[in-house]
Structure formats: structure tokens, C-alpha cells
Amino acid sequence: VTNRREVPAHRAEGVNGRLTRREVIIGGGALSATGIAITVDGQSEQAARPMSDATLIASSELWGDALTPQRIAAMRWIFEFTDKQIRELRAFDAGDEGPVTQFRI
Amino acid sequence: VAATDPCYLTITESADLIRSKRLSPVELTRAYLARIEAINPTINAFISLFSEEALADAQAAEREIHAGHYRGPLHGVPIAVKDMLATRGHLTTCGSKILRDNVTRFDATAVARLKRGGCTLLGKTMLSEFGIGDDVNPLTGQRPTRNPWNFERSVSGSSSGSGAAVCASFCAGALGSDTGGSIRLPSAFCGIVGMKPTYGRVSRYGVTPLAWSLDNVGPMTKSVEDNALMLGLIAGADPADVMCSTKPVPDYRAALRTGVKGLRIGMPGDFFLQYSTRDVGEAVREAARVLERQGAVVMDVDLPHLKYSMAAELAIIYSESLAYHSKYLREGKYALYTETNQAQFDAARFISAADYVQAQQVRRYIIRDFEKAYEHVDVIIAPSSGIEANPIKEDEWTQSVPVRDVPAGTLSLWEIMWRMPCPANLSGVPALAVPCGFSAAGLPLGLQIMGRHWDEVTVYRVGAAYEAATSWHTRRPEISTKA
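Residue numbers (this note's numbering), protein chains in the order written: chain S, 1493 to 1597; chain B, 684 to 1166.
Heads up, a few of these hints could be off.
A partial selection of chain S residues facing chain B, derived with a Cβ cut-off under 8 Å [what the hints assert, rightly or not]:
1. S1544
2. I1549
3. S1552
4. D1557
5. F1573
6. L1581
7. G1590
Hints were generated in silico from the structure; no laboratory data involved.
Idealized CB from N, CA, C, for every residue including glycine.
Throw the hints in and build the complete structure from the sequences for me.
Structure, rendered in C-alpha cells:
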């Protein structure tokens, strides 16, 4: 399974002790958001820091507009704020809960 | 300006005078336009003004009323609209250089309904670019919108111009939009009343999206009754917005004077009050005592998953916003955006599809938390904003992050600001901001009243009872044109 020691999952209140579908799925391997940190068969690679200059520049190049270190420095706090929030979000185990969608019956 | 200035009237007060022909819609419109001309250059609440058209509409309204064709309480009353809502034949810039030449050929449904009610449209108000960037008038470059209570203070956003315009008495009421507090935060900072209705209550047709699954249109006014009146006019089914509900629209004013005796009011302590400044926390606790003295029962409620609400809100807003703006980014227009939006788009690229879905899953838990809480209480109260209006210089881009000391610790302005409004956006429940006091620095503070889905009637009822027992809503800023 993926290394979850660094960011322990918080189980949703009321979820029983069985493995969730999500836990079964991520047991095989996971690809990070930016495709940089890969974890396969229990061997966790050193994950790239998602808000490092190198990662931000690499990602921005994919969009055809490379960030400069100066621009990153100016915007550092918004990146860090986002990073903090996303880490909190990923730490929550949503179990088998379905997402809210745009569909209205 | 004299206290008898018609600009200070509420919609309801103006309507009574207009209906009885003691106030001319033309004179009222002229008074607002004169006030805007004198003071708006300092406040910067408007992007565009429709002076000639507004006067022509006011003349038409006057003729109709004199001919016995009174349309209702907004007939002949001047209103302003956030420049994110389309208006036929006018610019709709969304506060962005990208749309600075964008003339829309139709009215947003909410605007069309206000016009059908006979209101006079004065102009389009400032906003944070596309609802989440910086406040810059794309036509003049002037920045930002200033708080009428203190010109060195922020109005917050994104409906900044609508908040400032109502507060400065540039109009009788205004429309805003709210995706993560964009009606309630400016309402709190300006000491006015702002409603984020139930998701799907008001059509978003003709409203430029920020985040489709969170966007709402709502009224910003000087009183709870005015707000209920405006919502009644703009709410209701619209086939042009697939998410707009077909549920019947009740009379939101029907229960305004029935009091709160026996109503159960929930107060979730940790999530909100632990993240509010002392002034805000004390004002909200006192508001609870005011409601208790009127017969309401105040009790603790637990909403355990709110702790994930900011993260979920951010993931959804950034993802949906990036999706919407991808077309402009692909066209190479990145440099045209304000700094805040550029940074947010850059940061949004690191939010994965899985994060987005996870955020939508978190919403289910939060919705369920609210549903469970509403088995025991009728409304939930909290601060509209955890802080008073912050200094404008703190909104400028620097490498240091402004922070505040709250009981939970020293936190960034952003964490406190986003925290209070986003649970209502994520859960879709209606949430009303009403003035609930002033800080030691003399700045307005806001109480947030959240209700069950589609139960704006009870939310307004509580707001009206609180308003009737206090006088915060009657205070107006003394505005000097010497900024």
C-alpha cells in the first residue's frame, strides 16, 4: 500500500472498519496530481515537493507559460496556502461516498 | 448630505413614497446620480453608469405610475448590478481587461426580472476580477474599491462594488453573486444585508461563472425586508439554467414580523468562533443573547466535517475556475489577468481531478452534517466574517502574508476570510449576512444566519427579528469627498 504514515488518513465519522473501495484501489499504486511522484507496489519514491520552484516551473511549462523563480517568489504564499489546503483535503478518507454533481433529477 | 436625502431611504420606504406619488422616480434617480458623481470617484464602486438610460427609465416609470399601472415595490427604484451579470446593450466586463469591450446582447435572468418589476438600472458595479482576482476597474485602471466607512479599508469581495454602492447610498439595492462569500463578506465589511440563497433558487443564466457548482446570485440591501423583497422578485424557475429549481417561490416577507419565540438556533462554536477576532466573537455571542431574550432557544450544534470545508471549497473553486478560463489561457491571455488570478491559476494546476472529486465527496458529508443539525435546530448562526474590514494595503501583493491572532492561533487573513462563508456554499443552504455591531476601530461586523435548504423564509424571519431589536442597520457612514 502507499505510505500513509506522513499524512494519516482521517476516516469519516460513522464509517465502519472495513476496507473502503478507495483503499483497495490505492493499494495497487497511485499517480500523483502532477505525474511526478509515483508509488508502485509499496515502494514509495521520494515525492517531489509539489510547490517547489522546479515543480512549479515544470508544471507551468506544460501550460506553455513557464513561471520564473521571481514570479514564484512573489506568489509563494498563495502556492503554500493552496498546498496546505490540498494536503488537508487528501488526508480525509471519503470512503465510498458519492460526489456532489451538477445532475438534478 | 442631509439625513432627509432620499438616497438614504430603503427600498420599502422609497416604494411607499413612490406609490403614493410623494416621491418622483425621476427625482430619486437624479439624487442617486448626483451622489455617485460627487462621491464615487473616491469609492470606485462603479465600472459603468447608465445615467441617460436610467433617467429615461425613471421617466417611463413615473408615467406608468401616474397612469395607474403600478408594477410593485421596485417600480421606479434605482438598483445597481455586479458587472458579472449580463445587461442588454451594455458592457459586461467581469472586472477584467479580457472583457473590457464585451457588450452583451441580453439580460441575465435576474436582471430581466428586476426590470420587469420596474426598477431603474443605474449601472454596473466593481468586482474582484472574474469574482476572485483583484479589484481593478478595467476601463480606467482605478483600484481598488474603498470601504465607505474608512477609505483605507477593504470592502472584501468579490461583490465589492455592490457592497460599497449600497453602503454609500449610491443605490437602493444591488445584485451580487456568491461562490465563497462574495455577497456575505462585502455585506459584513460594509454593514449591510446580503443573502446567498439556496443553491438553485435564483437563475444564473447570463452570469459569468466562477464555479458552476457553487455559484449563486443574491440581493444586497440596507434592510432585511428590502432583501426579502428583492429575492422574491428574482427567484424562481428558469429553463435557461438547468440547475435552477422549479420549486414555488414563497412570500419571503410573510413571516418577517412573527418573531423568534420558540425557534431553535444552533451555534457551532469551534469552527467559527475559535477563528474569529475578539470583537467579532463577542458581537456574535451578543447577537445570540439578543435572540434568546426574544424567546429563541440557542444551543450548540456539531458539524464535524466543516474542518474540511475550506480545502474542499478551494479545490472546487480553483478547478472549476481554471476549467472556465482555460479557453482564455490557451489564447495566450494569461498576462491580461490581475496578479491574484494569475497566481491562483498557477496554483490550480496542482489540484488533480482526484482532488476535485474528493472535494465533491466531502460536500456530501458537509450536506449531511447540516441536515442532521437541522433535525434539532431551525437556523444556525455564525460570523459572516471572522475579521473586521482589513487595511487595503494588506491586499497588495507582497511576500509577507497578513495574519490575525484568533483563539485558534495566529492565522493568515485568507484562512480566516474563507472559513466563515464556505460551508453554506458547499452545502447549498441559504445564508444571510446582517449587521451585528462595530469593532473597536469603528468598522461594521456581520452575523451570518444559515437555514435549511429552501427555507429562506425562516432565515429572513430571524434576521428581521434581530434587526428589529437592534439599530446597527440604521447607521450610515459619514462620507467626506476629501479622501
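A quick look at each hint next to the structure:
| no. | hint | in the structure |
| --- | --- | --- |
| 1 | S1544 | 11 Å, violated |
| 2 | I1549 | 10 Å, violated |
| 3 | S1552 | 6 Å, holds |
| 4 | D1557 | 5 Å, holds |
| 5 | F1573 | 6 Å, holds |
| 6 | L1581 | 4 Å, holds |
| 7 | G1590 | 6 Å, holds |
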